[in-house]
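Each of the two chains sits in its own frame; use the hints to bring them together as a complex.
Which chain is which? The protein sequence lines are A and B, in order. Going by my numbering, the first sequence opens with residue 1, and the numbers climb by one from there. Going by my numbering, the second sequence opens with residue 1001, and the numbers climb by one from there.
I should point out that these hints are in silico values taken from the structure, not numbers from a laboratory. Hints may contain errors.
[As the list claims (entries may be wrong)] Across the chosen pairs, the derived CB separations fall in these ranges: (1) B/Leu1269 <-> A/Val160: 56 to 62 Å; (2) B/Gly1071 <-> A/Ser86: 28 to 34 Å; (3) A/Glu64 <-> B/Ile1336: 47 to 53 Å; (4) B/Lys1009 <-> A/Ser5: 52 to 58 Å; (5) A/Asp105 <-> B/Ala1192: 50 to 56 Å; (6) B/Leu1269 <-> A/Glu111: 47 to 53 Å; (7) B/Tyr1348 <-> A/Glu64: 32 to 38 Å; (8) B/Tyr1348 <-> A/Lys108: 41 to 47 Å; (9) B/Leu1136 <-> A/Ser86: 32 to 38 Å; (10) B/Tyr1348 <-> A/Val160: 40 to 46 Å.
[Stated by the list, open to error] One side only, chain A facing chain B, incomplete, derived with CB under 7 Å: (11) Ile14; (12) Ala48; (13) Val50; (14) Leu51; (15) Phe66; (16) Gly69; (17) Lys72; (18) Glu73; (19) Phe77; (20) Pro79; (21) Glu81; (22) Met99; (23) Phe104; (24) Phe127.
[What the hints assert, rightly or not] Below, in silico cross-link-like pairs of lysine to aspartate or glutamate (EDC-like), each with a Cα-Cα straight-line distance of 20 Å or less: (25) B/Lys1294 <-> A/Asp12; (26) B/Lys1096 <-> A/Asp80; (27) B/Lys1294 <-> A/Asp13.
Just so it is clear, CB atoms sit at the ideal spot from N, CA and C, and this is done for glycine as well.
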Amino acid sequence: MIEVSKVRKVFDDIEAVQNISATIQEGAVFGLVGTNGAGKSTFLRMLAGVLKPDEGTIILDGEEVFENGKAKEKLFFIPDEQYFFSNASAKDMMDYYAMVYREFDKDKFKEYIGRFNLSMERKIHTFSKGMKRQVSVLLGICANTKYLFCDETFDGLDPVMRQAVKSIFVAEMMNRAFTPVIASHNLRELEDICDHVGLLHQGGVLFSKDLEDIKTGVHKIQCVLPDTTDEEQLLKELDVLQCTRNGSLLTLTARGTKMEITQRIEQRNPVFWEVLPLTLEEIFISETEVAGYDIKNLVF
Amino acid sequence: MTSKISFSKMTVSDIKRRVWIFAILVLILVLLMPVATIIIIDRDLADIAKGSLKMADLTTDLIRWVGYHNGGISFVTICAAIVCAFSGFGYLYSRKKVDVFHSLPVKREKLFLAQYISGVLLFMIPFLACEVLAILACTAKGVITAGILKAALLSVSANFLYFLIFYNVAVIAIMLTGKMLVGALGMLVFWAYFPMMYAIFQGYAHWYFNTYYSSPWGSKWIDWLVCLSPVTLYYGTQPGSSLMGMSVSMSAAQLRLITVIISIVAVVLTFALLIWLYRKRSSEAAGSSMAFAKSKPVIKVFLMVAITLGSGVCFGTLANEESEVWLVFGLLLGLIVAQCFIEVIYTYDIRKVFFHKKSLGIAAGCVVLITLVYRFDLLRYDSYQPNPDNIESVGVSINELDSSISYYDMEDPGSFDYNGGDKYRLEHMNLRNVPEVYEIIQQGIKNNEENVTYESLSEDETADFSSMAVCYKLKNGKEIYRNYFINMQEISDQLKILYDQEEFKMAQYPILSTKAENLGEIEVYDINDYHAIKGSDEDNQKLIEAYQADLMNLTYQDMKENTPFGQIIFQMELSEGSGYKYGIYYPLYSACEKTLTQLKNMGYEIQTEIKISDVTRIRVLSNAAEYWENGENNEGQDYSDPEEIKEIMDAGVLSDMEGNAVDVDREWLITVFYHDQYGNEKTSSCMFRRGKVPAFITQDFGKAVKEDIEG
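Next comes chain B alone, as it looks inside the complex (with noise of 0.2 Å):
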C-alpha cells in the first residue's frame, strides 16, 4: 500500500518547498553563463572587427568560459551543494520535523531518496539549461565549434559529478551530526581532514628526514591521503595540476582520468556510505552533537591526533625547524585545546571539558608514537637502500643540471610544467646496469649519514653541491623515492659516464624524443639579436633533427667548456585546437655545428659571441661576503684593457644561460658593455665559471677590500 505513494509526486513536492534555491540558482546561472557568453562574444567580435584579435581567441575565451574550468561557476556548484544538502536533510537536526516525516507511512529509504533527487536536481535543472542556453547563444552568433560543445559537455559532466561529490560529503556530515552548526564543522572536517594531515606529515617528514623526497606526483601511500578530500579531488582535475597522491608514471591525463575514476567511485561510495548512515540514524539524534554516540570517541581521538600534530608543527616550524621545546610546548598546547574544543562541541557544558579522559589519552598516545616514529627515524627512512637484486631501474634528476629546460608531454597537452623536470626525468629515465648511478647515489647516502646538508655548510661550500632526487624502480612495481645531497665536484668523473647515456639524455631532453611535425615555428636568440626563423617545412625539419644530433652528441665536458650564447624555442601548441603555445627553450652551444650550419644554410648568422673587439669595458662586482662585510663596498670594478678583457670573456658565462651551464659562480656579476653590428650600445650581463675567476680580479678586489678597512 505505502508503494502507492508517487516518489515522483514527493520528489516535486520536495522541490516546491524549496524553490527559493531553484530561483536564486537560475538567477545567479542565467549572469554567469547564457547572458555572460553574449557579452563575450559581442566583446570578442568587436575587437575582431578591430583587427585586434582573431577569430581563434574568441573560440577559446568561449571554451573557458562555458566549459569546466571557469572559476565562478565551480563556486556556485559547491555552494549549490552544500546549500541543497543542508536545505533537505536539515530537518534532522529539529526535533519537530523529525517527528513529522518519521511517523508518515514512507519508507524512511524512500523518504531520503526522494530528498535526496530533489537535491540533485535544484541544481541540475537550472544548470543544464543555463549551459543549453550559453550554447543556444553561442549558435545564434555562428560562433559555435566542436571544441566550444565539447568544452560544454565536459562542464555538464564534471560539475555534475562534483556537486554530487560535495553533496554526498555535506549529507553525510549532517547524517552524523544532531546539530546545523557541528554539522557545519564535521562538512569542513571532511573537506580539510586528509589534506591536512598530508601536510602534517610532510612537515614531520622534512624536518625529521634529511632523503625524504617531496613532489605533487609522489607515491608513497600517505600521498593518497588527500584523495579522501572532495575539495583536492576538485583541485585534480583542474588543468596544470595532477592530484598528489599519483604514480609518477602516470602522465597529467592519465591522472586526471583516475582522478576523475576515483572520483565517481567516491560518488558511489558516499552514496552508499549516506544511506546506512540515514538508516542507521535513530531520530532521537535531532538535537545532540553527535548522532552516533559510539562514533563520538572515535572521531575525537582523530581530531585531536590531527590538531595536536598541527599545532606541534606551526609552533615547531614558527619558532625554529630545530628547536624541540617549541615542537613539545605546540603537541601539549593543541593537546589540550582539541580536548577542550571537542568535549565543548560534544557536551556543550565547559564543566566537562576534561571528562572522557580515555580518548584523551588515547589521542596523546598516538601522538607521542607518532612523533617518536619520526623524531628517531624508527622506520629507518633515512637509512633505507633496496635491495640491489629487487630494482628494476633507477631514474635521477640532478637540480643543478640544465635547470632551465621546458618539460612537456606530447600525449598529454595539460602537463606543460614550468616548475622544473624532475618529474618528466624520473619518469622517463630507466637506467640499468649503469653502475656510475649507484656510485653517485652512494655519495649522497654518505653524505647524509655524514649529515651533509645545505644547513650543516657554509655558503661557500653548498656552492658545490646539488640535491638529487631518485626513483628506484622495484621489480614489485612499487616506486621508491629519495632526495640526495652530492658534491658535483666529487662525481664528476661518474657524471661524464652518466650523461653520455642515451637513456640520460632522451628523459633529460624531452625534445630527442619530439618528432619534428609537433615542433612548430621556430625561434633563436644569440648573442645580440632575435631571429624568427622562417625555413620551409623540409629546412626547419632539417633544422630540428640538427640541433637534436648536436644534443644528442653533447658531452658533459662540452658543457663544463662551452658557453651556452643563446637559446633556440620552439612553439609548440600541446592542446590541438586551443590557441596555446607554449614556447620550450633550448640551449645553444658552439658546439652545436650542426645545428649552426643549418641556419646559416638557411641564411641566419648566429652571433655565438660577443667579439672582444666590440667590448668597451667590463664592470666586475662581488656577492662574496668577504667583499661586502668589511667594506661600505662596492660599485664594482670596471675593466676597459683587451687583454683583461679577453681574459674576463673566456671566464665568463652570459647569465640568461647560467640555467644550462655548468659550474657557475655566482658570487661574481659581471656586466660587460659593447656595440653591437648596429652599432647600438648593449650590456649584457654574465658570471665566471667555477675556479675560472682570473687572479688579477681577485687581487683588485682583495685591495679594495683592504683599502676599505684602512680607509
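Same shape as in the complex, but just chain A (with noise of 0.2 Å):
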C-alpha cells in the first residue's frame, strides 16, 4: 500500500503539487487523472523516489520511498519520455535492468518481446514511438516489481496494443501482487482498466475514489419540468455539477445515488425524464469545473 500524506512539492516560485493525501490499495489498478499541469508527473515522479517532497511523507509498504533502495526496489517508473541508452537494443536494456532489479524475469521479456513482434537485437533507436513505448512497458512489467508506475504511458500505443498492454496488467495482477499506477489525461484509456482514480487539479487532489463509487454517486439526466419553479427547487435539492438548457430539455449532472435523483424528479412531475450512461470524461469535466476549470473558457 502507498500512503501519501500532505505532500507538497515546489518548483522555483511554482507550487507543482500541494497539500496531497493519497491512499493507494494494493492488488487494483489506480488511475491517476488531471488537467495538464495538475502535477500528475511531479506526483509521480516523486512516488518512484526521483523527486523529494518538500513536505510531507510517501510511505510505500511502510517504508519511506526518498533515497531507500528497499522501497525502490518494489517500484518501477515508466516515465512520459522514456530514455534508452544510446545504441541499445532491447536485450542491452533487458540486461541493464536485470543487473538493477533483482526479479527481473528475462524470458518473460523475451516471450513478450516475440508476441509484440518486436526484436531484441535492433537498435531501439530505430523503432518507432509506439514500439519504444511498447518496449518500456515490457521492461518495467518483466522487472516483477510490485508497483509499476506509468506516465502517459499509453500514448503513441495504437488501439491494438493499448488492448494487449492492458490484458497483460490483468494477467500480473492474477498472478503476483501487482499495482499499476496509470497518469493520463486520456480518461477514456483509464476507464475500462482501472479500479479507483485520483483526480489532480492545479496540484491538488479534487477527489480520490472507487471508479464504481464515482460512477454510481454521479449521474447524467435529462428531463423536462412543468414550470420553472420546479427546475429552480430541483436545482436546489441536487448537488448539480453541471447543468445545461436546450428549450425546455434540461440537463443535469449531479452527485448521490441514482435512487436519490430518481425521488427528487419524480417529486416534481417531469414531463419526460431519463438518466443517461455517463463517462468519466464527463465526470473529470463536470468535477473540474466546480474546482473552476471551465472547459467553456477555453473553447472558441
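See the structure below:
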C-alpha cells in the first residue's frame, strides 16, 4: 500500500503539488487523472523516489521511498519521455534492468518481445514511438516489481497494443501482487482498466475514489419539468455539478445515488426524464468545472 | 537487498556504454606513446650510428617523451578528464535520464561512485597500457634505463593526479549547473577565476602602489589564489615553473612537492565536495541554469566583481595607466555587461536582465570598495615599514648590480633561472645588524614619499636609479616584500659597506657556496679568445678556489674601477643523468689576480685588455637625445689618434660585460677596431663609464650638433 500524506512540491515559485494526501491500495489499478499541469508527473516522480517532497511523506509498504533502495526495489517507473541508452537494443536494456532489478524475468521479456513482434537485437533508436513505448512497458512489467508507475504510458500505443498491454496488466494482477499506477489525461484509456481514480487539479486532489463509487455517485439526467419553479427547486435539492438547458430540455450532472436523484425528479412531476450513462471524461469535466476549470473558457 | 546489486557490474556496464571514449583514447595514446617511442628510438639510433648523436641524447629524448612533460599527453589527459566527466554525469542535465537513473533501486552515492570510477578507468586503463607498451618498446630495443623507468612512473602518477583534478572540477561544474552550456562555462570559470582575480589584484597593485613587488614566488596571501585553479596547479609542476603563491624560502623542488601535495589535497577535497553536491543536488535541477537556487546570487556577485574589476583594469591599462576616467568607464561597462550576461544565462530571458537588483548592488559595492582600497591605499601598503624589533633579517636584491650573473640551486636541478637573481638573492640573503641596509631602504621610502619614480624622472635622471627588491623576514615567520627606487649615486657609501658583507656576497654569487666537484668543464672568454680549460682535476679545483677567493675579496670599489674583461663559464649538469648542461657565467676583472695566476700556471695566457697599439681606430656614437633631436645625425665620429684612443679605452667598458660593470653610461656606443695576436681585424663594442666620457668627445659631439643645426 502506498500512503501519501500532505505532500507538497514547489519548483522555484511554482507550487506543482500542494498538500496531496492519498492512499493507493494493493492489487488495484490506480488511475491518476488531471488537467495539464495538474501535477500528475510531479506526483508520480515523487512516488518513484526521483523527486524529494518539500513537505509530507510518501510511504510505500511502510518505507519512505526517497533514497530508499528497499522501497524502490518494489517499484518501476516508466516516465512520460522514455530514455534508452544510446545505440542500445532491447536486449541491452533487458541486461541493464536485469542487473538492477533482481526479480527481472528475462524469459518473460523475451517472450513478450516476440509476442509484440519486436526485435531483441535491433537498435531501439530505429523503433517507432509506439514500439519504444511497448519496450518501456514490457521492461516495467518484466522487472516484476510490486508497483508499476506509468506516466502517460498509453500515449502512442495503437488501440490493439493498448488492449494487449491492458490484458497483460490484468494477467499480472491475477498471477502476482501487482499494482499499476497510471497517470493520464486520456480518461477513456483508464475507464476500462482502473479500479480507483485520483483526480488532480492545479496541484491538489479533487477526489480519490473507486471508479465504481464515482460512477454510482454521479449521474447525468435529462428532463423536462412543468414550470421554472420546479426547475429551480430541483436544482436546489440536487448537488448539481453541471447544468445545461436546450429549450425546455434540462441536462444535469449531479452527485448522488440513482435512487435519490430519481426520487427528487419524480417529486417534481416531470413531463419527461431519463438517466443517461456517464463517461469518466464527463465526470472529470464536471468535477474540474466545479473546481474552476471551465472547459467553456477554453473553447472558442 | 539493494547492496546485492553488484557495484562492479554497474561500473562495467557504464564503461560498456561509453566504450567509444575508450576506443578513441586507445587510438590516440597508442600513436602518442608506444608508436612514437619506437619512431624516436629508430630515428635516434640511426643518428647514433652516423655519429651525430650520443646514447645520452636518446635517453634524454625518451625521458622527455615517456615522462611527465610530454605536452601532447598533458593535452590528452585534460581533454579526457573533460570528456569522461561530461559523458558520465551529463545525464544530470536531462530530465528523462534523471527520471530513469534516480528511480532505480540504487543509492545515489553508489550510482555516483560507479559513474565516477568508470570515468577514471576509461582514461587510466588505456593510459597505463600505453605507458607499459612504450616501456616494453624501450626494453625490446635495448635502450631502457632507470631514468626512463622513473620518468614513466612519474608520468603515470602525475597524469593520474591531474586527470583527477580536472575530472573532479568538471564534475563539480556539472553538479552546480543544470544545462550543458552553463556547465561548460562553469568549468572554465573554475579554471580561470582565481588566476584572473590574482591578475586583477596585481594590476591594481601595480597601478596604485609604488612599492609593490610582484614576482612569481611572492608570499602574499593573494598569491595563494592561483592554487585554486587546476590549470595553475598543473602548470606548477612543470619544469622551470614555480607555483605562484609560494614562499621565497622554498626551492623549486620544494615548490613542486608542495604543488603535488596541494594537488593531492585538492583531489580529496574536490571529491568530498562533489559527493556532497551530488547528494544535495535535486533531480529537478535538470534543465535549470543553476542546480542550487541559493548559490545563484553568490556566484553572480563573485563573477560580477571579477568581470567588472577586470574590465576596469583592461580599459584603464589600454587607455593610459594614469587615466582614471577610462578605469571608471571600464568598471561601469563591466558591471552592466556582467549583469546582463549572468542574468541571461540564469533566466534565458532578455527582458529580465535587470531583475535581481540586490545582487547587482552588492557586486557594485564590492567593486567600489576594492577600487577605493587600492586607489587611496586604505591599507597603507606603500607606507608600510615593519617594526625593527620584529625583523629577523633582511634580504635585498639590487637590479643594477651584477645583472648578468647566472643563478641556480644545486639542490634543485630544475631551478636554473635565466631571468635574474631576485629569488636567489632574497632567499639566501639574511642580513642582520647591517644598518647601511636600512639607510638604503630609508632612501627608497623617502623617494616613494616624494613620488620619485621612473615615470617622474627624465631619461637622464633615471640612469642613476635602480629598483631594489627587499624581503623583510619577520620573527613571526612572515615574509614581506617591497620594491624601492633608489639612487645608486647617493647610496654609494652604503653600497660599499654592504658589498663587503660576506652574507651579501654569498647570496649575490651562488658560485661562492658551490663545491668545486659540482662544477664541470670550465671555459674562459678573454678580450680576444675562447679557451676551453683542460686541466687536471686538481688544477681545475685550484682554479675554482682561486676564482671564489677573488670574488670574495672583490670590493665595490674594484667593480667601479675595474673593467670586466671577460667571463669564466662553468658548465654544470644540475640534474644528474639528465644530459642538460647549464653554462654558469661569471665576470673576470683584472682584480681577479689569483684566477689569472692559476690560469697562467695551467698554461693559458689571458688577454685582459686590448692593447692600444693594436687599435686602429675607434668609432663613437651617441644615443643621447640632445645629439639626435636637432640633427639628421649621425654616423658617429672616428678617432685614430693614439692619445685619444688611450683616453677612450681607459674610460670604456666592454658591452658584453656591462651587466657586471657599475656606473655604465649607456648613451654612448663605442666600436673598437683592432688586430688580434694573429693579425685578424676584429671589433669590440664598448660603453663609457658614467662621468668618464672624455672631454674631447663631448666637445666634438657638441660641435657636430651645432653644425647640423646651422647647416
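Structure-based check of each hint:
1. B/Leu1269 <-> A/Val160: 56 to 62 Å: holds, 58 Å
2. B/Gly1071 <-> A/Ser86: 28 to 34 Å: Given range 28 to 34 Å: holds, Cβ gap about 33 Å.
3. A/Glu64 <-> B/Ile1336: 47 to 53 Å: holds, 48 Å
4. B/Lys1009 <-> A/Ser5: 52 to 58 Å: violated, 36 Å
5. A/Asp105 <-> B/Ala1192: 50 to 56 Å: At roughly 53 Å between Cβ atoms, B/Ala1192 and A/Asp105 fall inside 50 to 56 Å, so the hint holds.
6. B/Leu1269 <-> A/Glu111: 47 to 53 Å: holds, 52 Å
7. B/Tyr1348 <-> A/Glu64: 32 to 38 Å: The hinted range 32 to 38 Å holds for B/Tyr1348 and A/Glu64, with Cβ atoms some 35 Å apart.
8. B/Tyr1348 <-> A/Lys108: 41 to 47 Å: At 45 Å between Cβs, range holds.
9. B/Leu1136 <-> A/Ser86: 32 to 38 Å: holds, 35 Å
10. B/Tyr1348 <-> A/Val160: 40 to 46 Å: holds, 42 Å
11. Ile14: violated, 11 Å
12. Ala48: holds, 4 Å
13. Val50: holds, 5 Å
14. Leu51: holds, 6 Å
15. Phe66: violated, 10 Å
16. Gly69: Result: holds, 3 Å to nearest chain B Cβ.
17. Lys72: This hint holds: A/Lys72 lies near chain B, its Cβ roughly 4 Å from the closest one there, short of 7 Å.
18. Glu73: holds, 4 Å
19. Phe77: holds, 4 Å
20. Pro79: holds, 4 Å
21. Glu81: holds, 4 Å
22. Met99: holds, 5 Å
23. Phe104: The hint is violated - A/Phe104 has no Cβ within 7 Å of chain B, the shortest such distance being about 11 Å.
24. Phe127: Result: violated, 16 Å to nearest chain B Cβ.
25. B/Lys1294 <-> A/Asp12: holds, 11 Å
26. B/Lys1096 <-> A/Asp80: holds, 8 Å
27. B/Lys1294 <-> A/Asp13: holds, 13 Å
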